[in-house]
Amino acid sequence: AQTVTQSQPEMSVQEAETVTLSCTYDTSESDYYLFWYKQPPSRQMILVIRQEAYKQQNATENRFSVNFQKAAKSFSLKISDSQLGDAAMYFCAYKEAGTALIFGKGTTLSVSS
Amino acid sequence: EAGVAQSPRYKIIEKRQSVAFWCNPISGHATLYWYQQILGQGPKLLIQFQNNGVVDDSQLPKDRFSAERLKGVDSTLKIQPAKLEDSAVYLCASSQTGTLQPQHFGDGTRLSIL
Numbered sequence: 001a002q003t004v005t006q007s008q009p010e011m012s013v014q015e016a017e018t019v020t021l022s023c024t025y026d027t028s029e030s031d032y033y034l035f036w037y038k039q040p041p042s043r044q045m046i047l048v049i050r051q052e053a054y055k056q057q058n059a060t061e062n063r064f065s066v067n068f069q070k071a072a073k074s075f076s077l078k079i080s081d082s083q084l085g086d087a088a089m090y091f092c093a094y095k096e097a098g099t100a101l102i103f104g105k106g107t108t109l110s111v112s113s
Numbered sequence: 001e002a003g004v005a006q007s008p009r010y011k012i013i014e015k016r017q018s019v020a021f022w023c024n025p026i027s028g029h030a031t032l033y034w035y036q037q038i039l040g041q042g043p044k045l046l047i048q049f050q051n052n053g054v055v056d057d058s059q060l061p062k063d064r065f066s067a068e069r070l071k072g073v074d075s076t077l078k079i080q081p082a083k084l085e086d087s088a089v090y091l092c093a094s095s096q097t098g099t100l101q102p103q104h105f106g107d108g109t110r111l112s113i114l
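From first to last, the protein sequence lines are chains V and B.
If you read the first sequence in this note's numbering, its first letter stands for residue 1, the second for the next number, and so on.
If you read the second sequence in this note's numbering, its first letter stands for residue 1, the second for the next number, and so on.
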């Protein structure tokens, strides 16, 4: 079965600095999709960024970018110019066609001023 | 567009009681998911619907949990009887058909079992 591992339960960063959240996954499939979700205390899961495994180019969404290493099965999230509003729980998730998301255990990110 | 609506937002019951959660997905979204999120963990799929048919319920504890999606729109998730380990947030999500269609999540229902 596919698994997603987030090895950092907690991370902290200062405003305007850069932080990287780690994620590794295990799969024998070659075609899949990877996501980062943000969950603030309000509980609503918000999609941050997504990556198709067949694309070599790393996805970027404004201050958020990923480092996708398919051979290493690694999918890290980089947040640049961190803001107070970035404080939340971040989940890495894996998906194949027609299936639901498989989530990691999450990383709690705190941002200090 | 209106988001995924869930109710109630909070529910407290005693063990062995029953409880039901309701989800109204985004209009036009054929796929609906129910996830269970235990405190400190990531969400885990309970059941996935495509229209009113079940796609995946392999992780649904069928001896106590049931779910339905009548007419392929609203869905209800029921627990009967509840156990202490069912304390969690129950998230509903919906998406259009297609792997890269994003899943839109509701605010969830926080269930506490006494």
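Simulated from the structure, these hints should not be mistaken for lab results.
Do not take every clue at face value.
Said to hold, decoys possible - Have a look at the derived ranges for each label pair, beta carbon to beta carbon: (1) Ala16(V) <-> Glu85(B): 39 to 49 Å; (2) Ser58(B) <-> Asp31(V): 12 to 22 Å; (3) Leu100(B) <-> Glu17(V): 41 to 51 Å; (4) Gly53(B) <-> Phe64(V): 30 to 40 Å; (5) Ala16(V) <-> Gly72(B): 23 to 33 Å.
Bear in mind that the values here come from a model prediction, so they are computed numbers and not experimental data.
Yeah, the Cβ is synthetic: ideal placement off N, Cα and C, and Gly gets one too.
Now for the hints, and whether the structure bears them out:
Checked against the hint of 39 to 49 Å, the pair Ala16(V) and Glu85(B) passes, with Cβ atoms roughly 42 Å apart. For the pair Ser58(B) and Asp31(V), the supplied restraint of 12 to 22 Å holds, since their beta-carbon distance comes to about 21 Å. Taking the beta carbon of each, Leu100(B) and Glu17(V) are about 31 Å apart, not inside 41 to 51 Å as hinted. A C-beta distance of roughly 35 Å is found between Gly53(B) and Phe64(V), which places it inside the suggested range of 30 to 40 Å.
Separated by about 47 Å at the C-beta atoms, Ala16(V) and Gly72(B) break the suggested range of 23 to 33 Å.
The structure does not agree with the numbered hints 3, 5 stated previously, though it agrees with the rest.
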